[in-house]
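> Line order of the protein sequences matches chains A and B. My numbering numbers the first residue of the first sequence as 1 and each following residue consecutively. My numbering numbers the first residue of the second sequence as 1 and each following residue consecutively.
These aren't lab readings, by the way, just hints derived from the structure by calculation. Some hints could be false.
The list makes no distinction among identical chains, and a pair is therefore deemed to hold if it is satisfied within one copy or across any two copies.
[As the list claims (entries may be wrong)] The list that follows gives simulated cross-link-like pairs (lysine-lysine, DSS-like), each with its CA atoms no further than 27 Å apart:
(1) K391 <-> K83
(2) K64 <-> K297
(3) K60 <-> K304
(4) K16 <-> K172
Protein chains: 2
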Amino acid sequence: MINLETMLSDNAKNMKKSAIRELLKLVARPDIISFAGGLPAPDTFPVDDLRAAANVVFDKHAAKALQYGTTEGDTDLKAEVIKFEARQGVSIKDDNLLIVSGSQQALDMIPKLFLNPGDYVIAGRPTYLGALNAIQSYQGKVLGIPFTAELDGFDMNALEQSYAQLVKGGGKAKYIYVIPDFQNPAGLCWSLEKRKALLQFAYKNGLFILEDSPYREIRFLGEPIPSIYQLDQQGENRGVVINLKTFSKILAPGTRTGWIMAHADVINKLVVAKQAMDLCTNVFAQKWLAEYLKTGKIYDQIKKTCANYREKRNFMVEMLDKYMPKRADVRWTKPEGGLFLWIILPSFISTDDLLIKAIEQEKVAFVAGSGFYFDDPERNAMRINFSYSGKDQIEEGIKRLARVIAKEIQEHESGKGGQNQPLGV
Amino acid sequence: MINLETMLSDNAKNMKKSAIRELLKLVARPDIISFAGGLPAPDTFPVDDLRAAANVVFDKHAAKALQYGTTEGDTDLKAEVIKFEARQGVSIKDDNLLIVSGSQQALDMIPKLFLNPGDYVIAGRPTYLGALNAIQSYQGKVLGIPFTAELDGFDMNALEQSYAQLVKGGGKAKYIYVIPDFQNPAGLCWSLEKRKALLQFAYKNGLFILEDSPYREIRFLGEPIPSIYQLDQQGENRGVVINLKTFSKILAPGTRTGWIMAHADVINKLVVAKQAMDLCTNVFAQKWLAEYLKTGKIYDQIKKTCANYREKRNFMVEMLDKYMPKRADVRWTKPEGGLFLWIILPSFISTDDLLIKAIEQEKVAFVAGSGFYFDDPERNAMRINFSYSGKDQIEEGIKRLARVIAKEIQEHESGKGGQNQPLGV
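One chain only, chain A, in its complex shape:
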């Protein structure tokens, strides 16, 4: 073999293996209760309805569904997506829409389109690691912005200051990456006020906003807040927001289909990029989704999924209240939607180290918080998923998690946990 390392591009040298996907392999053992994945509950998948829709495709559209399709996306699916968005008050035309092979493809296309090596993306601390991985695979950098203590969006002062410093130092930012609705990993939801402030910031500084909305429809408590894409549409309509959506959370991830809504000029450029990336999204899957959407069952499907996750989220919060150590420095988010809770532990605990103990000693898994930072990670938090496990597993898993955390605190306070301290500071 050729010495592979000497042949790799600088892009490749900058790529990181996703900690989560590697971990998912480790925790596939049946004796481990895993809150690590980001998987929807399989009992929400409408198997019979999807089978019926697939059979309509075989009956009526087989020759088209089995052939190559256009890069822009299947005409039928696009028409259905436009209706779906209209029902939520988002008005788009055909040329504002591109069908993609899941949101992750969009997260890869945007840095490819905008970033030269060393260019910056502004993003939250923490933020979705799949977005960080994609940015790094083009040698992009991330200007990390902390959230407010209320978790209602960026600390806007910190944003202003960090950005001014970046510009002063000659840094070039191209876009702001945010997940305003039930963010991965922390489950936080941006307030209307903060969404408006971010849009104004983008206008003022000539930046795009990449608004990633995989969980937007998975709101099981409270009232929807307009997306930043909508706020731009309803206001100055400058077209600076690129909005990503997906069928992964509202229907089924195995469909690997999402969509991008953006200004027609941006969509045009993305189409050119996508041509060279995969020619077109899975044509059968697109026709199949179009037939499913035509039945109108997606709206009840979303309601059903929200009800399922509301119950599980409530139950998980109840179990955390019941079993976790009662301390001011042990706390967790109580999200109104999405798939994840974020648990913050005392600053002397490193969840990177805790994870190994949790798997080995208690057979319970989570994702250590450090993976959700581009640099200088906080190490005393973890992401746990409440959509995938059943109630029995949730109760038993939280019991185990609480035990390993209590033990860690106890060891620290009795002076035994000292070797981990520096990591938690």
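Based on the hints, put chain B in the right spot on chain A.
Structure of chain B alone, referenced to chain A:
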């Protein structure tokens, strides 16, 4: 809107819209006979068998098929692909195999993995434009190598000379891109001798070979020649060949699923790249293909497709013999497989110009040859597809094509076509 051009990456500025895909839109009019696309014949799609396989997935594997999958690919599909390859004498293990979202995704992953801006890929003149577009989207360059007059592979002297010159000038090549079996666009097939010589060249110079084999199984005449991947395996087994395969031509493009065979170290790096690109290939499609392959019907399916294309290819060659101007400088390839013929016209004809006349005056379309060159294109050739059209369309289309070519020759020889001459030289 922000001034988009000022925000684009250098990668994006280097991206080219695919001439073919743009053209496909133009020629969608029902009155035009198009030989431009590269579409399989829809009557070869085994709709009932594929429907049955999809229903097995809904019956037995719905929860898995609708969920996220691993980046490496579905275990069942990988096992079936390993069997499929074994039957052709290619022996691979699980860690030599990565399932991808169509071959085009692989053609995008390889330059991302290997090319820094300005790095070179060695490729034929002409070669597949989707590969060229992907290389350009990472600012890669192409060292174009002419084929021999016998069209049995690269002119190896030209390869040696061009490569020596590149190295002397400080240029860095990373891999050689070839389509040895029934190349797109010219339909040519590399001889065994030339395959061996290319492998030796790669060994000697420490280069990878990217062997793109979408048409390998679509051989309708003659005997199979070992792939370069096989030659390496059966010989020194240095693992320098990366082989791309796809279900698009042997089954149906709408499945958007292909596979990469390579050394395990290369596969490992590609898995990391793919994680950030789309997480995993369409999971439903993978399970569906696995169930279809389990029936063993793919082998008869390939035979049936080959028979279909053999008949059409023979008929198209017959029609060309019948209708085209009889001149030594009007000739075409007679491929033993694949989907395309390559027609070479007198050097004074530019097919870029001829295409417009063909569409407007005769309502027949092809792909101008110039699109298949990275630089300094030859302009007197065209690619025509024989898999998609029916026999009636083939006869009528070739008649029309012959008329527009004859007219062009006549005008040139009577002195009227002068304005096009410089382009054809």
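> Could you run down the list of hints and mark each one as holding or not?
So, going through the hints one by one against the coordinates:
no.	hint	verdict
1	K391 <-> K83	neither (36 Å within a copy, 41 Å between copies)
2	K64 <-> K297	both (24 Å within a copy, 22 Å between copies)
3	K60 <-> K304	between (29 Å within a copy, 23 Å between copies)
4	K16 <-> K172	both (23 Å within a copy, 25 Å between copies)
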